[in-house]
Amino acid sequence: MTPRFLSALLALIVPLVASAGFFDQRGGQQNEFLSAEDAFQVEALAMDATTIQARWSIAPGHYLYRHRLDIELLNPADATMQWLAPAGQAYEDEHFGQVEIYHDTLDVPIVVSGAGPEITLKFRYQGCAEAGLCYPPQTRTVTLELNP
Amino acid sequence: MKALTYAVIALAALGLGFVLGGLERDHEHSVEASEPVPAPAFSLVDLNGEAHTPERYRGQLLLINFWATWCTPCVLEMPRLDAAYQQYADQGLAILGPALDDSSAVSTYLSENPVSYPVTVGDQALFDLMDAFGDSLGALPFSVLIDRDGLVVERHWGELTDEQLENLIKTHI
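Each protein sequence line maps, in turn, to chains X and Z.
By my numbering, the letter at position 51 of the first sequence is numbered 51, and the numbering carries on one by one without gaps.
By my numbering, the letter at position 137 of the second sequence is numbered 137, and the numbering carries on one by one without gaps.
Since the hints were made in silico from the structure, they are not lab data.
Glycine residues also receive a C-beta, built at the ideal position from the N, C-alpha and C atoms.
Hints are not guaranteed to be accurate.
Computed footprint of chain Z on chain X; a stretch qualifies when at least three of its residues, placed anywhere within it, have a C-beta under 8 angstroms from a C-beta of chain Z [what the hints assert, rightly or not]:
| no. | stretch |
| --- | --- |
| 1 | 32-41 |
| 2 | 91-99 |
| 3 | 128-140 |
Computed list of chain X residues with no C-beta within reach of chain Z, every gap over 12 angstroms [to be verified]:
| no. | residue |
| --- | --- |
| 4 | Ala77 |
| 5 | Glu118 |
| 6 | Thr143 |
Construct the complete structure from the given sequences, taking the supplied hints into account.
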């Protein structure tokens with residue numbers, strides 16, 4: 001197979017595949033949508049003895065509502081926690097009205113005090129696919145070892 | 001000259017890809033292509049206490065639209081569904097709206113935004129029913145069309161546009 005033939009073949013195949021895939025971006029069928037777990041991946045990382053960084057990785061074409069975001073301290077019960085959802089992108093939701101949403105990555109710093117070597121947090125969040133589908137409120141419980 | 005040839009090939013392939021992609025989508029009509037299968041058994045009790053089963057709708061075209069008040073595309077399509085229900089009910093169209101939500105949230109919503117068709121409320125049991133209808137996302141809105149013989153003939157994930165809803169009904173009514 002000559003380099004010239006290969007080049008011509010690539011010139012044919014690459015745009016064909018790329019442009020045909022364009023139509024897959026719009027919704028309607030189940031296999032065109034991600035599961036909630038794939039659309040909104042959440043992880044938490046203990047930075048030190050009092051600071052935790054929660055991060056949501058939001059898939060392209062999806063968003064989370066700021067007003068549906070919540071973090072609860074489950075254990076230890078006598079510890080305290082502070083967190084604040086960062087400002088999101090202003091969005092006029094046709095049902096909820098003026099809201100804030102997050103795309104791409106959402107980082108939420110959490111400050112705890114009075115916790116022992118381990119802490120358990122519950123994350124609640126809810127979002128939608130821009131193609132016209134919304135996921136039920138999600139919960140995720142995470143137990144972390146706090147770094148001294 | 002060689003570069004020009006490759007550019008022409010690439011442009012032609014690009015156009016062909018768009019055409020093929022568009023044709024594929026038109027053919028799919030935004031619904032899951034599958035062989036009709038009997039509807040799973042269910043019994044849903046609406047807000048007035050009436051039970052709804054597949055047997056009750058035998059001989060009618062039944063559109064089941066799973067929704068929730070926390071789902072914007074769901075509440076946006078409900079007036080559309082209600083209008084279709086009023087237009088086609090005398091031709092045999094029935095609509096049922098199971099809400100995966102709190103009863104109080106649904107009642108409050110419907111008091112301000114009433115619909116003519118029956119609405120039921122539930123939680124895990126409705127997710128299980130969606131699963132029985134072939135859904136694995138648990139996301140909303142999710143619509144299922146059951147024909148007059150009790151067969152599931154269409155499934156649609158996401159908001160139904162006016163055009164999609166009309167095509168869906170006219171194809172099966």
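Now the hints, each set against the structure:
| no. | hint | verdict |
| --- | --- | --- |
| 1 | 32-41 | holds (count 4) |
| 2 | 91-99 | holds (count 4) |
| 3 | 128-140 | holds (count 9) |
| 4 | Ala77 | holds (27 angstroms) |
| 5 | Glu118 | holds (31 angstroms) |
| 6 | Thr143 | holds (25 angstroms) |
This entry satisfies every hint, going by the numbered hints stated previously.
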